[in-house]
Amino acid sequence: MSGLKKNLALLSRVELRMISPSVNWINSLPAPEGLLESFQLRGRQSLQLAGLPASSDEDWRFSDLERIKLLFKLPLASRASKFSGFSEQQLPPSSSSDTVRFVVRPGMDSQSLPKGFSYISSNELNRFLGNAIDHSAANDDWSVALNNACAGRVLALRVNGTDLPSLEMVLDNAAGELAATRIVLVLEPKTHLDLQHIVLGNSDSSHSHLLEIYLGKEASLNHGWLALGGGDATCVADLVIQQDLRSEYALTSVQAGWTLSRLHQHVVQLNGFAKTILRGLQCTKAHEEITTNSTVRFDGPEGCLEQLNKAVAIDSSHSIFMGNIDVPRVAQRTNASQLSRNLLLSNKARVDTKPQLTIVADDVKCSHGATVTQLQEEELFYMQSRGIGSIDATQLLLKGYCQDIIKYLQFNDDRSNIIDQLIGRL
Amino acid sequence: MINSSSETILEISDLHASVEDQSILKGVNLRINAGEIHAVMGRNGSGKSTLSKVLAGHPSYKVNKGKVVFLGKDLLSLEPEERSRIGVFLGFQYPVEIPGVSNLEFLRVATNSRRKQLGEEELDTFAFEDLVRSRIKLVQMDPAFLERSVNEGFSGGEKKRNEILQMALLEPVLSILDETDSGLDIDALRIVAAGVNELAKPENAILLITHYQRLLSEITPDFVHVMSSGKIVRTGGCELALELERLGYEWLEEELSSTKQS
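Protein chains in written order, with this note's numbering: chain A, 14 to 439; chain B, 602 to 863.
Chain B with its partners taken away, still in its complex shape (with noise of 0.2 Å):
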């Protein structure tokens, strides 16, 4: 889905971000252009969640030094809110559960803050209801979960396929999917990657986070990024996640060694 004539949608320039003052991204750099399907893979405490969660504004993640520029805004000077409503979108590996808060009145809320900003007419309960029960078929989800507290008492495959309808509903420009894969069993992999290139379009991106080649086999990346001690150290094509599969780590983090020795 490469075009080289495509939109910069997201600038990421010598990152460095810390949580409880230790030091986890120190240096990222990553460019994402419209319709281009990113992942990044890596070790656990590459950094890999961190970058995900700086990029979507939580409150616990210090920015240190660095810029990110998405569509031309500043996006580090953004509430999360705000970063969500401009298209910004996480799907979170471990999604939390809302006692008491309703699916539906949840992701109304969400779509509608979301429209709002687009310039688009809000929804009532009526219209959104129409809306999401026509988007749940896209992750195969038993409509019944809509009506159940956020996440509350769901499965892991179920709290991700909540999530891609998320994402379904709020046609983010730019989506960050943090372990997507994790949790899952390969039929509902199976049905999360379906809903997720479905999603993908020439005018919106992807970012993957992931351990593992086996989401990649579902969603073909257009350009794999590894991660290490908060930098991203190696760029390539779906070749270099098998290569990662096949030899692990740290084969690339020798290569890496010796390089630098030479």
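Chain A with its partners taken away, still in its complex shape (with noise of 0.2 Å):
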């Protein structure tokens, strides 16, 4: 669609909404500037046109809009904002001792880097930003331009080699305002990283997040996406790769403590014979609101998905999954299969799931499913019968049930305590 009929398109969706809530709020942001200068303008201009979300935009419509007004209370974040300065104590155990810690926030200065990652030039970096976005369906995402009217630096990192530190980012907000950060990330031909993220979120902030991923021929990268609320804490991410030839991203999301959280995954595997491996979990309680939406198009051959979404809710939240597949006539002998399983432990609580598949190839192999479930009377009742009582049978039951997704994520040492939480919040 050209920029022209775009704007037309989102005009007429304007007519049919109220004014948006948001229009003071955006005039509130800083003038536009830097590098992202163009992506600010185009983001603000796409806030003031399309309004909050509708419950008509398939994206949104299991959704409660009215937590997204939570947003535009507050007020920026910038270099002079009072980060909470986590501390050590604070964060997971790194990985390992040879990791690179980065804590990103609005205004971060840039430290030194251990041999195997560089900083990317401003005008090298115009080759990649925004690239991913343009080649997948997250041009059109809400959350994307309300990341690019907000964002004011990207931290841009390219990563050669294979033997390197593991990489863990954490991202930083500030009690009472909206942390806006985006990054990008290049990994070179035949490079593999580990990858770690840490969205920790206080009372009354949020997080408005983009990350771009471009993966060259032959890459490889393990990505963890720990994401962990608190309070009236609200994050939205967009999660943008783009695979090259017989590159492989594997995920692992873990949310849970949100009052909302959205996390889009966006890839594209665009010449094909590349793998992709997405697992998630989300746990809801009280009020919270956790989705994940998910797209992944093959845009060449022998691509091949691996999906498990897993969520587990209880008291009054909600748990959504979305999920699409697109396999396009040129990507034939795709293998991709995708599996939304949701425990619903009380009768308040709500899941919705919708996998989705488009396929016009017609030599494929795709699967897709969803469970929504109560805990096994059969597991509970092996679990009792060796004299471990309901309660205690129903937490190992949860710490299973969870296990199957955390322990694919890179914090040896304290994965345990992470589900302790996980569990002990439930």
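Derived from the structure by calculation, the hints contain no laboratory data.
Heads up, the beta-carbon is just placed ideally off N, CA and C, and yes, glycines get one too.
There's no promise every hint is true.
Unchecked claim - If you want the ones that stay clear, here's a sample from chain A, every Cβ over 10 Å from chain B, calculated:
1) ASN37
2) THR175
3) VAL183
4) GLY229
5) GLY243
6) ASN284
7) CYS317
8) ARG346
9) TYR395
10) ILE401
11) ASP417
Claimed, not checked - Derived contacts from chain B toward chain A, CB cut-off under 10 Å, selection only:
12) ASN645
13) VAL702
14) GLU706
15) GLY754
16) SER756
To be verified - Computed footprint of chain B on chain A; a stretch qualifies when at least three of its residues, placed anywhere within it, have a C-beta under 8 Å from a C-beta of chain B:
17) 123-131
18) 146-156
Please dock the two separately framed chains into a single complex, following the hints provided.
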């Protein structure tokens, strides 16, 4: 869709909506400037035209749209904001001593980098910035527009080689503010990297995060996303991944504790023969709402996808999964599977799940499915028949259910703590 | 191993039970003393497995009438976990797979709940590993199975060995083994049976539930009971199992029917 046509489409949508409550907030943002100026202008224009997401938008139809307004109650964090300054004790220990840790915040200073890592220069960055977004469905995402509108700087890293230290990125925030952060990560051909994202939310704070990843030929990235919120914290994040020939991308995402968390995953396998693994766990309680929205498109033959998204919902919480697999004609011999498994543990909790396949190619192996169940009575009885009380049995079963995903996170020593935190909450 | 002065471990009186409003047990009477091995045989649907589930406290089964006394306690008033802690063990016909739950951790939690009941000290991870590695030899099970999720991806034989390992760790007073022989090849059957024989002691008792005589060639029962239509209709010694193997259940039912008519 051309820019003009798109704007007209957005205008026609605006006629059907109330005037965006975000206009004042947008006007309060700092004047566009710097490397991201064009993105800021474009994002703000999109937000003004589109307003807030509507329930008629397929991506948002299960969501409580009132929660989006929470984002616009908060001023934008800046270099002068008082960040939480997470101490080492508050953070999960690094996966190994051989780890590069970044605390990512608006206006962050650059730090020295070990061998194999380098900053991408401004000139070179133009080759990448927004490229993966333009080539994926993320281009139309409201949350991408939000980040475009707000993010003032971008952290851009190039990684080259194997046997590299793992990379940890901690997304920092400030109480009572919205932290908008943007990262570009380029893995050169045949590079292997372990990357852990840690997103921690304090009460009354928000994250808007946009991550573009470019995987070169035969590169592989093992990516962990651990997002633990608290209080009224909200988090809206887009991961946009572009995979070249024979590359491998494995994501393990864990989300819990957010009043609103939306994790959008957009993966495009450019030239085929690549592999994508998406594992997700979302645990909701009280009135929390957590969404995972993934789109994987195969733009070449013999691509592979393995996806398992798990959820546990209790109290009056709401868990949402939307998964799209797009297999155009060029993607012959694609092998893709997508499964959404959900535990609904309260009468008032809600699970919405929508796995979806769009297949044009005629020689493919694709499957998808969803289950929404309670804890298995036979599993509970088996444990009770071994002397384990019903409460302990339930906890063990939940632990096992979550462990299935959490075991892939790289925080070796602290995995059990993460599980205990999650189960303790439930 | 029968000893006339033995303590009564289990006494079932006129037990009636149903599942989903379908009456299955219709008046079971059975008494088991310490040191005894009992075998319950019968056709499919005769109520054998229901009896085992009712004794273990499965929530899907409803007791409509009758009494079960275990070591002087009203067993039916107890939760499944309480029954286990005081010494009732059910070896499942189809052990459940529990993905994500470590077999070792599961065994440790289960063992400690029994030890707590017995007033023994709970075992930490290291002490328990020593215990489990000594007991695992009894069933010739590969210790690698301890590191896996409970029963996940185990073969039929491995699952049954895992059941007997649990029996060895929990040291129950009464072990109810529901079709422990099903799905086992001859070698695995011998290993499992040898484990059970090793665990049979004068102070405990075993209730074997089986279709076939082949298990009873390996574990010699003191009593053989035949169930039909939710009742124990005949009790005898080992010779009864051999006769059933030779003549089939039809023989017994015809005999019972002719006795009734006369």
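Now for the hints, and whether the structure bears them out:
1. ASN37: The claim stands: ASN37 of chain A keeps its Cβ more than 10 Å from every Cβ of chain B (closest is about 48 Å).
2. THR175: Holds, because the least Cβ-Cβ distance between THR175 of chain A and chain B comes to about 29 Å, which exceeds 10 Å.
3. VAL183: holds, 27 Å
4. GLY229: holds, 35 Å
5. GLY243: The claim stands: GLY243 of chain A keeps its Cβ more than 10 Å from every Cβ of chain B (closest is about 25 Å).
6. ASN284: holds, 35 Å
7. CYS317: Holds, because the least Cβ-Cβ distance between CYS317 of chain A and chain B comes to about 22 Å, which exceeds 10 Å.
8. ARG346: Label holds. Min Cβ-Cβ 29 Å, cutoff 10 Å.
9. TYR395: violated, 4 Å
10. ILE401: violated, 6 Å
11. ASP417: Contrary to the label, ASP417 of chain A does not stay out of reach of chain B, its closest Cβ about 4 Å off (not over 10 Å).
12. ASN645: violated, 20 Å
13. VAL702: Where the cut-off is 10 Å and the nearest Cβ of chain A is about 4 Å from VAL702 of chain B, the hint holds.
14. GLU706: Constraint on GLU706 of chain B satisfied, holds at 8 Å.
15. GLY754: Constraint on GLY754 of chain B not satisfied, violated at 13 Å.
16. SER756: violated, 18 Å
17. 123-131: Three-residue rule not met by the region 123-131 of chain A, so violated; n is 0.
18. 146-156: violated (count 0)
In summary, the numbered hints that this structure violates are 9, 10, 11, 12, 15, 16, 17, 18.
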